[in-house]
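K.L.:
Respectively, the protein sequence lines represent chains A and B. In this text, residue positions in the first sequence follow the numbering used here: the first is 1, and each later residue adds one. In this text, residue positions in the second sequence follow the numbering used here: the first is 1, and each later residue adds one.
No lab work stands behind these hints: they were computed from the structure. Errors might be hidden in some of the hints.
[To be verified] Computed list of lysine to any residue pairs in SDA-like fashion (alpha-carbon distance at most 20 Å, straight line):
1) A/Lys109 - A/Ser319
2) B/Lys376 - B/Ala400
3) A/Lys109 - B/Arg306
4) A/Lys109 - B/Ser307
5) A/Lys369 - A/Arg406
6) A/Lys369 - A/Pro220
7) A/Lys109 - B/Arg309
8) A/Lys369 - A/Gly230
9) B/Lys376 - B/Arg339
10) A/Lys376 - A/Arg345
11) A/Lys109 - A/Phe320
12) A/Lys109 - B/Arg310
[Said to hold, decoys possible] These stretches of chain A come out as covered by chain B in the derived footprint (C-beta under 8 Å, 3 or more residues):
13) 125 to 135
14) 277 to 286
15) 294 to 306
Just so you know, even glycine gets a beta-carbon here, dropped at the ideal spot from N, CA and C.
2 protein chains.
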Amino acid sequence: MGSRVAERMLTWQTQLARRAGVELCLRRVLVRDVGKPRMVEIGRELLTADAAQLLDDPSIQVVVEVAGGDEPMRSYLERAIASGKHVVTANKVVMANHGPELLSLAAEKNVDVYFEAAVGGGIPLISAFRTDLQANRIERVSAVINGTTNYVLGRMAAEELPLESAVREAQAAGYAEADPTDDVGGFDATYKLAILGSIAYEIRVRPSDIYREGIDGIEPVDFRYARELGYAIKLIAHTQRHPGRVEARVHPAMVPLDHPLAQVEGANNAVFVEGDLVGQVLLVGQGAGGRPTASAVVGDLIDLARSIRRGVQSRPSFSFDDRVGVIPMGEVVTRAYYRIRAEDRPGVLAAVGQVFAEEGVSISSFIQKDAWVEEKTAELVITTHPTADSRLQRARERIAQLEPVRAVSSFLRVF
Amino acid sequence: MGSRVAERMLTWQTQLARRAGVELCLRRVLVRDVGKPRMVEIGRELLTADAAQLLDDPSIQVVVEVAGGDEPMRSYLERAIASGKHVVTANKVVMANHGPELLSLAAEKNVDVYFEAAVGGGIPLISAFRTDLQANRIERVSAVINGTTNYVLGRMAAEELPLESAVREAQAAGYAEADPTDDVGGFDATYKLAILGSIAYEIRVRPSDIYREGIDGIEPVDFRYARELGYAIKLIAHTQRHPGRVEARVHPAMVPLDHPLAQVEGANNAVFVEGDLVGQVLLVGQGAGGRPTASAVVGDLIDLARSIRRGVQSRPSFSFDDRVGVIPMGEVVTRAYYRIRAEDRPGVLAAVGQVFAEEGVSISSFIQKDAWVEEKTAELVITTHPTADSRLQRARERIAQLEPVRAVSSFLRVF
Chain A
1 MGSRVAERML TWQTQLARRA GVELCLRRVL VRDVGKPRMV EIGRELLTAD
51 AAQLLDDPSI QVVVEVAGGD EPMRSYLERA IASGKHVVTA NKVVMANHGP
101 ELLSLAAEKN VDVYFEAAVG GGIPLISAFR TDLQANRIER VSAVINGTTN
151 YVLGRMAAEE LPLESAVREA QAAGYAEADP TDDVGGFDAT YKLAILGSIA
201 YEIRVRPSDI YREGIDGIEP VDFRYARELG YAIKLIAHTQ RHPGRVEARV
251 HPAMVPLDHP LAQVEGANNA VFVEGDLVGQ VLLVGQGAGG RPTASAVVGD
301 LIDLARSIRR GVQSRPSFSF DDRVGVIPMG EVVTRAYYRI RAEDRPGVLA
351 AVGQVFAEEG VSISSFIQKD AWVEEKTAEL VITTHPTADS RLQRARERIA
401 QLEPVRAVSS FLRVF
Chain B
1 MGSRVAERML TWQTQLARRA GVELCLRRVL VRDVGKPRMV EIGRELLTAD
51 AAQLLDDPSI QVVVEVAGGD EPMRSYLERA IASGKHVVTA NKVVMANHGP
101 ELLSLAAEKN VDVYFEAAVG GGIPLISAFR TDLQANRIER VSAVINGTTN
151 YVLGRMAAEE LPLESAVREA QAAGYAEADP TDDVGGFDAT YKLAILGSIA
201 YEIRVRPSDI YREGIDGIEP VDFRYARELG YAIKLIAHTQ RHPGRVEARV
251 HPAMVPLDHP LAQVEGANNA VFVEGDLVGQ VLLVGQGAGG RPTASAVVGD
301 LIDLARSIRR GVQSRPSFSF DDRVGVIPMG EVVTRAYYRI RAEDRPGVLA
351 AVGQVFAEEG VSISSFIQKD AWVEEKTAEL VITTHPTADS RLQRARERIA
401 QLEPVRAVSS FLRVF
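Throw the hints in and build the complete structure from the sequences for me.
P.N.:
Following this line, the structure appears as structure tokens:
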């Protein structure tokens with residue numbers, strides 16, 4: 001990622017200077033190992049393994065951070081801002097966890113913090129919320145914002161692969177890391193949703209406020225049922241405004257096939273925004289990778305350079321209302337899909353139906369398959385109408401405990 | 001459109017002031033008829049039918065223009081800029097025809113011209129090119145940028161309606177004007193492509209440079225063949241970079257069903273951008289209508305107000321290279337679809353094939369239907385591989401003159 005940024009800065013100097021109105025000069029590159037061979041030819045004298053050589057150099061006006069992870073990057077960025085340097089960062093973890101603090105320190109120091117690359121690669125998102133959509137009250141943001149899981153789910157759907165095989169394919173294709181937990185567990189999407197939600201509503205949304213579920217419970221057969229019912233399965237990051245509060249959640253969901261988010265392919269990202277004036281806007285592109293990230297980082301750099309040239313801070317400053325909270329998941333109204341394995345004998349349906357009735361959950365569709373004749377078990381696939389999530393969860397637990405039920409093999413929200 | 005802008009300014013004063021950092025005060029509204037009843041309650045003292053009351057009032061800092069059309073709007077905007085006022089406009093005709101002049105006058109006067117609303121309603125487009133995508137060399141822009149024709153083509157496809165009926169439906173639904181020429185003839189899309197092309201490549205693309213064809217030659221049966229061949233029919237605005245020149249054209253085209261532009265529904269707009277770093281980005285939303293346009297106009301106003309508050313011009317200025325020209329359509333390499341009605345007798349195929357061979361056009365698919373047994377005529381549907389458009393056109397003319405051919409009933413490019 002860093003090499004792509006350096007490459008564009010070094011090989012596109014004329015164009016960047018023309019567009020920024022000022023020359024962008026690469027002064028120092030912080031790396032772990034100065035001796036390591038690099039993809040891009042960078043003068044050896046620019047490389048350093050000592051952060052102080054950037055952070056304490058008063059001639060450096062802008063610090064670009066594309067390393068990722070919480071510490072030491074948070075401290076580096078804080079130190080840069082505190083000493084009056086502007087910052088361009090692609091760091092979703094730092095921005096999700098400490099963004100408001102860094103932005104308010106930046107406002108105090110009259111410097112800018114740009115972070116377009118932290119969410120959705122080169123897709124214009126942060127800038128869209130900061131300027132284009134400013135005349136709107138944002139009503140909701142729904143996104144497929146993690147390319148790795150989207151690739152994995154796509155492979156599972158296409159080939160009926162188990163999760164582990166699809167993850168291995170994603171690793172081989174360079175879409176998943178050696179330890180895929182951050183993506184598969186929904187953590188990455190949660191950071192990004194925290195950033196998007198904070199900016200969309202001008203409130204403080206912490207990653208820990210967001211309900212999070214990964215894709216690890218999904219089995220190949222769920223994709224078959226999803227198709228049968230007219231859905232795709234996607235890892236959805238969703239936030240929605242309610243009176244005085246917002247909804248914010250990351251989890252796999254059944255998405256109707258004609259919904260734009262159902263059609264997001266491969267490792268792409270897509271963000272669906274609804275504003276009260278603009279209506280629905282959809283923004284799609286590569287959400288990760290060195291080149292798209294460099295597009296966002298260098299785009300931010302150009303905008304920043306323009307404002308530095310004019311001697312002013314050009315960006316609107318942020319404010320985050322701390323009084324607007326996130327609705328607990330149990331209170332969120334949603335629909336659900338249950339896949340239940342039960343003994344194939346009289347009374348099962350009645351017992352399951354009774355639980356739903358007692359929890360006040362209304363059923364939308366019902367499919368029974370007698371898949372395992374020799375075992376005398378059948379698979380019940382049920383989707384519900386919208387209800388409070390706590391009721392759906394209670395129904396799930398109670399059904400799992402019914403005597404003829406072997407397991408609630410899957411539980412997914414329906415979007 | 002004007003009412004929606006006024007409404008947001010009058011009813012959202014607090015929010016706008018907070019976001020802009022300064023109060024936005026509606027000072028004067030130019031209307032044709034001061035006495036006419038208005039959708040929005042506007043103090044009668046704000047209304048005037050005299051342009052001078054806005055343009056010559058030194059206390060007015062920003063002129064917002066949402067009236068449309070060339071004159072007198074071009075003169076008004078020029079006068080506003082010349083007297084040091086900033087301008088926010090939704091006027092695609094003025095910006096397509098006179099944008100570079102107005103922008104250079106504005107740079108001279110140190111004021112800003114914002115025109116996000118001129119293309120694609122509230123979809124962030126101009127701002128995306130001006131900032132987010134600045135680190136990229138833009139390779140191509142392909143768009144469904146006229147909502148009216150997209151609605152009309154959608155109705156024709158769904159119900160096999162003739163053009164006239166679909167246009168009447170669009171008029172009834174409020175998507176088409178009483179005189180639909182501007183949309184149906186592709187003029188509107190041409191203005192918008194001129195603006196997008198100019199900004200994407202930083203060159204001067206005049207509407208008159210752009211090859212333009214409307215949707216009026218398309219018949220319901222073409223949609224049936226399109227489906228059979230795996231295409232949708234869309235009015236496409238396309239521009240693409242070539243060494244030293246660009247391609248720029250507006251015409252109906254067969255678009256592969258799995259291409260994102262084939263999936264744009266109703267009156268929506270979609271813009272597909274390819275940059276050398278960012279890869280492919282797709283931006284979709286409502287391209288017209290009072291509310292989306294107001295979203296863009298008021299968004300521009302907020303950004304402008306921020307920059308006025310800081311006492312500087314915040315936007316990058318434009319430059320347009322006049323040496324990069326548009327490739328004549330005849331030289332553009334494209335694929336084509338022919339629907340030919342011919343007598344059903346030996347030798348027809350040979351004759352048609354001979355023409356294609358002589359013109360160096362290679363055939364990609366061929367369907368023959370003996371649709372009219374009593375008349376002894378058949379319909380030949382042919383798609384070609386990519387060739388210079390002049391060859392495709394010459395083949396079309398020569399085939400129409402073949403003795404057994406009654407007519408080349410349709411000729412469409414394949415995207």
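K.L.:
Each of the hints needs a verdict: does it hold here or not?
P.N.:
Comparing the hints with the structure gives:
no.: 1; hint: A/Lys109 - A/Ser319; in the structure: holds (16 Å)
no.: 2; hint: B/Lys376 - B/Ala400; in the structure: holds (18 Å)
no.: 3; hint: A/Lys109 - B/Arg306; in the structure: holds (19 Å)
no.: 4; hint: A/Lys109 - B/Ser307; in the structure: holds (19 Å)
no.: 5; hint: A/Lys369 - A/Arg406; in the structure: holds (15 Å)
no.: 6; hint: A/Lys369 - A/Pro220; in the structure: holds (16 Å)
no.: 7; hint: A/Lys109 - B/Arg309; in the structure: holds (19 Å)
no.: 8; hint: A/Lys369 - A/Gly230; in the structure: holds (17 Å)
no.: 9; hint: B/Lys376 - B/Arg339; in the structure: holds (16 Å)
no.: 10; hint: A/Lys376 - A/Arg345; in the structure: holds (8 Å)
no.: 11; hint: A/Lys109 - A/Phe320; in the structure: holds (18 Å)
no.: 12; hint: A/Lys109 - B/Arg310; in the structure: holds (16 Å)
no.: 13; hint: 125 to 135; in the structure: holds (count 7)
no.: 14; hint: 277 to 286; in the structure: holds (count 10)
no.: 15; hint: 294 to 306; in the structure: holds (count 10)
Figure legend: structure checked against the earlier numbered hints; every hint is met.
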